[in-house]
Amino acid sequence: MIEFIQQLLNGLGQGSIYALIALGYTMVFGVLRFINFAHGDVFMLGAFAGFYLGPKTLRLFGEGPSYSGAFAALVVAMVLCAVIGIVIEKLCYRPLRDRPKLTVLITAIGVSLFLENAGQLVFGANPQSFPELIVDRALEIPESWGAISGLTITVSQVLVFGVTLLLLFVLRYVVLKTKMGMAMRALSFNPVAASLMGINNDVVISFTFGLGSALAGAAGILTSIQQPSIDPLMGVNAGLKAFVAAVLGGIGNLPGAALGGLLIGVIEALVVGYVSPTYRDAIVFGVLILILIVKPTGLLGVSEREKV
Amino acid sequence: MLEIKDLVVNYGSIGALHGISLKVEKGSIVTLVGANGAGKTTTLRTISGIVPAKSGTITFAGEEITNLPPHRIVGRGLAQSPEGRMVFSNLTVMENLLMGAYLRNDKEGIAKDLTYIFAIFPRLKERELQTAGTLSGGEQQMLAIGRALMSKPQCLMLDEPSLGIAPLLVKTIFEKIVEINRELGLTILLVEQNANLALEVSHYGYVLETGRIILEDKSAALRENEEVRAAYLGG
Amino acid sequence: MFERSKILLVATLLTFAGLSHFAGGISPYYFDILIGIGINIILAVGLNLVNGYTGQFSLGHAGFMAVGAYASSWLTLKYGYSMGSGTLNTTTVFVLALLGGGLGAALAGLIVGVPSLRLKGDYLAIVTLGVNEISKGVLQKAEPLGAQRGLGGMEQHTNFFWTFAFAAITIYVVLNLVGSTYGRGFLAVRDDEIAAEAMGINTTKYKVLAFVLAAFFAGIAGGLYAHFKQFIHPEGFNFLRSVDIVVMVILGGMGNTAGVVVAATLLTILPEFLRAVSRYEWLPEWLRHVAENRMILYSLLLIVLMLTRPQGLFGNFTGKRNSKLQ
Numbered sequence: 000m001i002e003f004i005q006q007l008l009n010g011l012g013q014g015s016i017y018a019l020i021a022l023g024y025t026m027v028f029g030v031l032r033f034i035n036f037a038h039g040d041v042f043m044l045g046a047f048a049g050f051y052l053g054p055k056t057l058r059l060f061g062e063g064p065s066y067s068g069a070f071a072a073l074v075v076a077m078v079l080c081a082v083i084g085i086v087i088e089k090l091c092y093r094p095l096r097d098r099p100k101l102t103v104l105i106t107a108i109g110v111s112l113f114l115e116n117a118g119q120l121v122f123g124a125n126p127q128s129f130p131e132l133i134v135d136r137a138l139e140i141p142e143s144w145g146a147i148s149g150l151t152i153t154v155s156q157v158l159v160f161g162v163t164l165l166l167l168f169v170l171r172y173v174v175l176k177t178k179m180g181m182a183m184r185a186l187s188f189n190p191v192a193a194s195l196m197g198i199n200n201d202v203v204i205s206f207t208f209g210l211g212s213a214l215a216g217a218a219g220i221l222t223s224i225q226q227p228s229i230d231p232l233m234g235v236n237a238g239l240k241a242f243v244a245a246v247l248g249g250i251g252n253l254p255g256a257a258l259g260g261l262l263i264g265v266i267e268a269l270v271v272g273y274v275s276p277t278y279r280d281a282i283v284f285g286v287l288i289l290i291l292i293v294k295p296t297g298l299l300g301v302s303e304r305e306k307v
Numbered sequence: 000m001l002e003i004k005d006l007v008v009n010y011g012s013i014g015a016l017h018g019i020s021l022k023v024e025k026g027s028i029v030t031l032v033g034a035n036g037a038g039k040t041t042t043l044r045t046i047s048g049i050v051p052a053k054s055g056t057i058t059f060a061g062e063e064i065t066n067l068p069p070h071r072i073v074g075r076g077l078a079q080s081p082e083g084r085m086v087f088s089n090l091t092v093m094e095n096l097l098m099g100a101y102l103r104n105d106k107e108g109i110a111k112d113l114t115y116i117f118a119i120f121p122r123l124k125e126r127e128l129q130t131a132g133t134l135s136g137g138e139q140q141m142l143a144i145g146r147a148l149m150s151k152p153q154c155l156m157l158d159e160p161s162l163g164i165a166p167l168l169v170k171t172i173f174e175k176i177v178e179i180n181r182e183l184g185l186t187i188l189l190v191e192q193n194a195n196l197a198l199e200v201s202h203y204g205y206v207l208e209t210g211r212i213i214l215e216d217k218s219a220a221l222r223e224n225e226e227v228r229a230a231y232l233g234g
Numbered sequence: 000m001f002e003r004s005k006i007l008l009v010a011t012l013l014t015f016a017g018l019s020h021f022a023g024g025i026s027p028y029y030f031d032i033l034i035g036i037g038i039n040i041i042l043a044v045g046l047n048l049v050n051g052y053t054g055q056f057s058l059g060h061a062g063f064m065a066v067g068a069y070a071s072s073w074l075t076l077k078y079g080y081s082m083g084s085g086t087l088n089t090t091t092v093f094v095l096a097l098l099g100g101g102l103g104a105a106l107a108g109l110i111v112g113v114p115s116l117r118l119k120g121d122y123l124a125i126v127t128l129g130v131n132e133i134s135k136g137v138l139q140k141a142e143p144l145g146a147q148r149g150l151g152g153m154e155q156h157t158n159f160f161w162t163f164a165f166a167a168i169t170i171y172v173v174l175n176l177v178g179s180t181y182g183r184g185f186l187a188v189r190d191d192e193i194a195a196e197a198m199g200i201n202t203t204k205y206k207v208l209a210f211v212l213a214a215f216f217a218g219i220a221g222g223l224y225a226h227f228k229q230f231i232h233p234e235g236f237n238f239l240r241s242v243d244i245v246v247m248v249i250l251g252g253m254g255n256t257a258g259v260v261v262a263a264t265l266l267t268i269l270p271e272f273l274r275a276v277s278r279y280e281w282l283p284e285w286l287r288h289v290a291e292n293r294m295i296l297y298s299l300l301l302i303v304l305m306l307t308r309p310q311g312l313f314g315n316f317t318g319k320r321n322s323k324l325q
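Chains as they are written, first to last, in numbering that gives the first Met the number 0: chain L, 0 to 307; chain P, 0 to 234; chain W, 0 to 325.
The set of hints was computed from the structure by calculation and includes no laboratory data.
Misleading hints may appear alongside valid ones.
Said to hold, decoys possible - Using C-beta positions, here's what the derived DEER-type ranges look like: (1) L:P94 <-> W:A194: 22 to 30 Å; (2) P:G136 <-> L:G285: 41 to 49 Å; (3) W:E154 <-> L:Q226: 42 to 50 Å; (4) W:A257 <-> P:G83: 41 to 49 Å; (5) L:T177 <-> W:G149: 54 to 62 Å; (6) P:G136 <-> L:R171: 42 to 50 Å; (7) L:L298 <-> W:V113: 17 to 25 Å; (8) L:K176 <-> P:G26: 54 to 62 Å; (9) L:K176 <-> P:K25: 53 to 61 Å; (10) P:V7 <-> W:T307: 42 to 50 Å.
Unchecked claim - Pulled from the structure, derived: some chain P residues nowhere near chain L, Cβ distances all over 10 Å: (11) N9; (12) V177; (13) E199; (14) E208.
Unchecked claim - Cut-off 27 Å, straight-line C-alpha distance, at most; resulting in silico cross-link-like pairs (DSSO-like, lysine-lysine): (15) P:K4 <-> P:K25; (16) W:K140 <-> L:K294; (17) L:K294 <-> L:K100; (18) L:K176 <-> P:K124; (19) P:K151 <-> P:K106; (20) L:K178 <-> P:K151.
Bear in mind that the values here come from a model prediction, so they are computed numbers and not experimental data.
Idealized CB from N, CA, C, for every residue including glycine.
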């Protein structure tokens with residue numbers, strides 16, 4: 000039982016990362032109806048932002064690892080990724096707004112390949128070790144708590160999960176309570192009607208890309224705190240898993256993306272723990288194929304006929 | 000208030016409007032009637048900047064607005080309740096109305112206008128917190144009109160407000176349109192397939208046929224016109 | 000029309016048979032490139048059925064190539080060398096093994112295609128990409144097929160004739176198919192899927208058919224590749240290999256077979272050219288690095304093409320439909 004709970008916890012840690020990335024896929028799909036293939040690579044850029052700028056932000060707060068320094072690195076990476084996301088949309092996707100979807104898809108694949116390969120050229124192709132932003136250690140659980148004291152819970156796990164929850168609440172607030180959030184929802188339902196409300200769709204789309212990319216950037220930092228080895232291709236696998244998570248939850252549905260991410264993380268952890276690490280990737284795509292056959296709209300999605 | 004001169008619009012290589020001109024005087028209700036596919040909706044969509052004009056000019060409140068982006072045109076005080084209503088089904092009635100006030104920041108004014116809209120369409124007040132997708136066709140039409148009013152426009156364009164709505168509600172909605180025009184002094188450009196109704200509530204009318212304006216006159220006169228009677232008013 | 004193209008095919012095959020005798024005189028380096036061109040033509044022309052004519056988007060073509068390569072190698076290794084030594088015999092086994100590899104890949108295509116082709120293009124791209132990565136992962140773990148060590152020991156059966164014969168057959172089949180009733184079905188799916196459905200065209204059927212056929216040719220190409228290099232490794236069939244093929248289709252012009260053949264040829268030579276460029280020491284360091292990594296150029300090529308010329312270098316995507324596709 001303890002073993003099982005341990006796997007669940009590990010799964011939630013990884014799942015938080017998937018959830019944060021999946022939200023970006025789903026938001027962009029919501030406003031533009033296309034899958035931003037390059038999204039996983041923005042996550043990678045977030046990790047590298049931390050790699051280069053993390054030591055600098057730490058120094059702002061004294062010597063060695065610190066929470067404030069780590070938090071600053073997180074914010075810097077989010078802002079940087081937001082800017083990158085907005086620039087990508089402006090340069091590569093906006094000129095194609097009225098073109099066939101396939102054209103945009105190919106462009107997105109091109110952007111993704113470019114980021115991965117330019118990343119290898121600039122950052123080097125080999126894995127690098129991420130700077131220690133916080134001192135990671137296992138939390139001590141008092142014996143008196145009974146069986147639970149057998150669990151290994153690390154500071155980084157708590158931090159990752161906590162920050163993810165925080166970001167989810169912030170996102171929820173932005174989408175449900177702010178004017179921009181309402182505009183996002185209106186646009187995702189009907190872009191023409193949205194523009195008749197006086198909404199500048201371009202601004203909302205930029206905002207959406209910025210928001211989604213910031214979350215991916217945060218995920219990049221958080222994942223590197225948990226597993227401090229990063230490389231320019233780390234976004235491929237994580238991006239694919241997060242995409243599966245978004246589809247599992249129902250693409251275009253925000254709570255669905257978060258739920259899907261956590262589920263994928265847990266499923267993965269359970270497969271690794273109880274079956275074999277070999278099937279880790281295969282099972283995730285098994286989930287994708289299954290969901291596409293059984294319920295293509297995802298767990299929380301509602302069906303939407305493609306408009307003629 | 001709103002003036003169109005020689006407006007030409009093409010969809011791909013197909014011409015939709017072949018140089019139409021019309022004028023909407025301040026404070027009046029002007030209607031554009033015609034059969035399906037005559038170009039009525041295209042006209043409104045072009046005025047709102049959704050469809051690009053190939054040539055010709057659109058002037059609003061003394062300034063040219065031809066081919067401005069839609070959000071700019073709304074910003075200048077020209078709102079549209081589009082064909083098919085296009086309410087945001089995923090948002091509540093309240094949120095839909097607030098979307099209409101997207102460009103406004105005067106909280107008090109917004110609250111005042113909400114009260115006004117709830118007064119003319121009490122149904123909306125009852126359904127304030129329901130998502131718009133759960134409303135009936137007629138209620139959605141009220142919401143679409145209310146939403147457009149929320150931008151505090153100087154001129155309101157209505158595209159087929161009677162389409163797909165129970166006859167009883169159509170009557171109510173047209174009464175409200177007249178009421179809004181009278182009480183707020185709001186200029187209205189009304190596009191309607193139901194020429195009978197449209198010519199009854201409007202002051203001036205244009206008849207559109209396959210992308211050309213073939214006739215214009217005071218609405219009362221058009222109602223007496225033999226051609227119009229034969230073609231649009233069922234004898 | 001149909002008859003004439005058949006005669007043309009036979010004539011082409013005979014020419015290749017004749018040319019094949021002179022192929023021995025080419026230096027191994029150029030011979031290698033030449034066979035590479037043939038294999039890439041098979042891959043790209045096949046993929047063009049999916050990504051070009053039906054307007055879907057597969058990003059995992061190398062996965063089907065892998066299935067064909069491994070299946071045919073397994074067949075020749077198991078049966079090929081136990082049947083005596085007659086030339087005819089080993090050749091027959093080789094061709095049967097190629098077809099077996101093709102069928103294996105087609106089956107894989109069917110399994111992947113049926114669930115994912117019911118959905119729109121974006122999904123297919125990611126599903127096929129995922130399947131590509133999974134099949135690579137499975138091969139890396141599959142001990143009987145050499146796992147991480149790769150699989151070797153095949154004899155070099157692939158020669159000029161077989162490579163270009165299959166390339167010619169691929170082109171022949173694709174062109175004839177596209178010119179047939181089926182072809183109009185493909186184009187209908189591409190141009191307007193909803194309208195096609197409304198007209199009673201079973202769009203899924205056409206999409207699956209195109210997909211399975213493309214997988215079959217990829218399998219053949221994989222078999223040819225395996226019996227040319229005599230060694231295959233899971234990494235040789237990764238996502239980037241799939242991208243190679245996709246770039247050929249896009250550069251050539253989606254739905255333009257002749258263009259794709261030219262693009263496949265150009266893009267097989269290009270890496271060799273780039274490799275030469277990267278050796279010029281007088282060039283700036285970064286430029287030489289870029290030349291070494293063709294994927295940077297490919298990715299920029301994709302972006303720039305889509306922004307400026309989505310119909311590819313040789314046209315025929317969104318532009319006016321060519322009524323004489325065959």
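For this session: Hints the structure violates: just list their numbers, smallest first.
Result: 6, 8, 9, 10 and 16
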